[in-house]
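Enquirer: Below are the chains, spelled out letter by letter.
Protein chains: 2
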Amino acid sequence: MAVYTDVAAEDLADFLRNYDIGELLSYKGIAEGVENSNFLLHTSTGSFILTLYEKRVAQCDLPFFLGLMQHLATHGITCPQPVAGKGGEMLGVLAGRPTAIVNFLEGVWPRKPNAAHCAGVGHALAKMHLAGADFPISRANTLSVSGWRSLFDAAAPRADAVQSELCKLLGAELDHLEKYWPRSLPQGVIHADLFPDNVFFLGEKLSGLIDFYFACNDILSYDVAICLNAWCFEIDHAFNVTKARAFLSAYEKVRPLSGDERDALPLLARGAAMRFLLTRLVDWLDVPPGALVKPKDPLEYVRKLRFHQSVKNIGDYGVERAGSAA
Amino acid sequence: MAVYTDVAAEDLADFLRNYDIGELLSYKGIAEGVENSNFLLHTSTGSFILTLYEKRVAQCDLPFFLGLMQHLATHGITCPQPVAGKGGEMLGVLAGRPTAIVNFLEGVWPRKPNAAHCAGVGHALAKMHLAGADFPISRANTLSVSGWRSLFDAAAPRADAVQSELCKLLGAELDHLEKYWPRSLPQGVIHADLFPDNVFFLGEKLSGLIDFYFACNDILSYDVAICLNAWCFEIDHAFNVTKARAFLSAYEKVRPLSGDERDALPLLARGAAMRFLLTRLVDWLDVPPGALVKPKDPLEYVRKLRFHQSVKNIGDYGVERAGSAA
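Going down the list, the sequences are from chains E and V.
Per the working numbering, residue 31 is the first one in the first sequence, and the count goes up by one each step.
Per the working numbering, residue 31 is the first one in the second sequence, and the count goes up by one each step.
The following block holds chain E by itself, in its conformation from the complex (with noise of 0.2 Å):
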């Protein structure tokens, strides 16, 4: 939660005489992204949210981002979608920042996501796979595979420091997916980033996905994985087979994995649970003493890491081995 940049009221109405969007009426603050300063924006036509990205999103990758969203809104996807300015520009600058205006959406994020949620999640995930098959620009992910050694290196040292033994079991997880880590399954378009606090909801009804700054191409079912580590265990790390069956049907109705991609499914999640247990234990470890900003627990990856070590096969997920597709 992050408000950086301020902006001055005369700067910003003068900012949105390059939009049709009304006349500003009020303007605030949000305490969402930690990339970026987030606004709230209400206008005599509605409410938007107004983004000045701040250094650590890399310039270059912002047509990427807003180009998704774009693409996406226009395949039927519920996301922000990015208001162009006069001249169609989709990106301007505010107070020295690259800045953009997406539409606003409504919708709360479940603290406590049930199985109707996770169904929800897991046909919107589907159906944006399949919408951003045609999406013409791409961008690397750098937060995959062959980004782990050089986070595994930096916290190796002191990995031992936060569990007895860390340092061992990440080394050897390493290897073995450095080793086996699938090359030929689907690609696409990932949001690689989808947990609850990126899903709006309606009661029960999904109202959108947000939040794509850790979009990119990777494998689709390494998305699937993902999504599996972030919404289908519960608050004391357990699996549940319930939610995991229910996200798992939800995307297979809409996108059903292939047999390789069923076979490769508990591998994927290893390195879900890998990816964010790298990055959360870099955090955790870069954090000085007194901060205010918790870094959140590395070792709830770890939980799920050695969960999915002794899973036999997509059955332990709660589906059917044969699967929709076969």
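Don't read these hints as lab results, they were simulated from the structure.
Don't take each hint at face value.
Pairs involving identical chains hold if they fit within one copy or between any two copies, as the list cannot separate such chains.
Okay, derived cross-link-like pairs now, DSS-like style, lysine-lysine, Cα gap no bigger than 30 Å in a straight line [to be verified]:
#1 85 x 326
#2 324 x 85
#3 116 x 235
#4 116 x 142
Put chain V on the given structure of chain E with help from the hints.
Expert: For chain V alone, coordinates are given in the frame of chain E:
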């Protein structure tokens, strides 16, 4: 700016069942208010602000603050109006905190107020002073003259590290203020913190006063002096007599100052400068090295104090000495 408390969507939906404001559509933690956690709510009936009162606000003062907003809103002042629960109560409990809902006011606060803005504030402040006359609850001002000595004592030992001879300046000024502070001027409910960020405008039309959490009973013209300091100086801290004339004239059109109030205004303005100088100085000296939040500069108020020390009478603030009340 702060959101201290996370509120779960499920808990908020439960909480809202006690109100007749429709279905929850969305809520965002907003970067406003340094003392409380604030959320901007969208419901099927409109926009609202949800405030969770954190520890720094004395709970015994909440009936005063909420009652005052209610009183003023029903007496023609555009300020946040508390929404009563189904049982008529203005305070509930959410996430373990006393919690209130008020209606949302559209508007933005001007970073570069002009004379028209200053006139708007003068008009609204006078109306507020009149509207508060029959408000039945009272609250002492802990940050008036009787509270300054303890702030001075806290800051004095290190004051000269901020500016050379600051300790001596403040000590002499405090002696003077304590000796000559007026005891018989008209009192009433004052806002006590009506800085630009607490006044919303749509264009040049004032659309609302917010943040009544310093409101208290004190000398009405002391509130005028606080605004004179907050609104009528330039970014470089030079006094702007055009803005002061606009502000004071607009105030006096609604509530003419008495001869005694006009005579006292330079002294009250010195006191108002002293109050913000002292609290900013204490905050400045309190900040741990490396803190992310930069406190407000106390030296801005040293400049303002010195200006008012040089003022002979209200004529130096741009209005006729005789006054419209004479």
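Enquirer: Indicate, hint by hint, whether the structure satisfies it.
Expert: Right, here's what the structure says about each hint:
Taking identical chains as interchangeable, the C-alpha atoms of residue 85 and residue 326 lie at most 30 Å apart whether they share a chain (22 Å) or sit on different chains (25 Å). Proximity of residue 324 to residue 85 under the C-alpha cut-off of 30 Å is found in both arrangements, the shortest distances being 22 Å within a copy and 20 Å between copies. In this assembly of identical chains, the alpha carbons of residue 116 and residue 235 lie at most 30 Å apart only when taken from different copies (28 Å versus 34 Å within one copy). With identical chains, the CA atoms of residue 116 and residue 142 are at most 30 Å apart between copies only, with a shortest distance of 27 Å across copies and 42 Å within one.
When held up to the earlier numbered hints, the structure conflicts with none and fits them all.
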